[in-house]
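Chemist: Sequence:
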Amino acid sequence: MAERADGDNIIAGRHPVKEALAANRPINRLLVAKGAGSAALQEILNLARERGIPVQYVERTHLNALVKNIPHQGIVALAGAKEYVSVDDILAAAYPADPFVILLNEINDPHNLGAILRTADAAGAHGVIITRHRSAALTAAVAKASCGALEYVRVARVANLARTITYLQERGLWVVGASGDAEDVYWDVRLDGPIALVIGGEDRGLGRLVREKCDQLVRLPMAGRVGSLNASVAAALLAYEVVRQRRRAHGRVPDR
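Residues 2 to 257, numbered by our numbering, are exactly what the sequence shown covers, in order.
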């Protein structure tokens, strides 16, 4: 399926795309026409590979539709609405408080991502971590859905969420994943220390490797006939349980 550019800032043409990459502009994805090939294009692809930017090959007609009346020369960049930070930036922002991080395992809907960013800001999370592949990126649509929260929430984008979980565990965080078949209900689990919450994607929940990496799995009790809640609703409930337990333990919500 061809990548849609809804809510992205579009940069078209070899020279503009190359300059955007050289300037470290936040780029969500490169779209390249199938069959396109030149030394200049290969140089751009090498730059993208160095920065870990996904590249998708599409029909030239798709690029023509995205950038009507603009010569795209077989390449288009979809630029992000905000610069990403590193995982270490998020952890550093927490000091001296215990880190509170939200990890998203392939959240595809930009409205869900925006709503989760809004919750992260309101609940005092120090940052949100998303994946480079099979996930919504920081587009204008996400910014709109966040109702301004994107401007205040640190977002890191990583290649491998399972490896990132291991790194967070090495830094002392307890990693708790939301899963409908978990044994423990979320309010019965201690969440007041250095914590990373992992929320699964809309269709498949937590991936197998991510699930296995979590220190603990928790569930939301479901009394009705619907099997699960929207990802952003689940994230809000879990995030505010962290807030509640931290207030109980520390008498206040730790400052971001």
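The reader is advised that the hints may include incorrect statements.
[Claimed, not checked] In the DMTMM-like style, the derived pairs of lysine to aspartate or glutamate whose C-alpha atoms are separated by at most 20 Å in a straight line are:
no., residue 1, residue 2
1, K69, E44
2, K83, E20
3, K214, E171
4, K145, D182
5, K19, E84
6, K145, D185
7, K35, E84
8, K145, E184
9, K69, D110
10, K83, E60
11, K83, E44
12, K214, D185
13, K83, E184
14, K69, D89
15, K145, D110
If you are wondering where the hints come from, they were derived from the structure by calculation, not from laboratory data.
Chemist: Does the structure break any of the earlier hints, and which numbers would those be?
Modeler: Of the numbered hints given earlier, those the structure breaks are 1, 4, 6, 7, 8, 9, 10, 11, 13, 14, listed in rising order.
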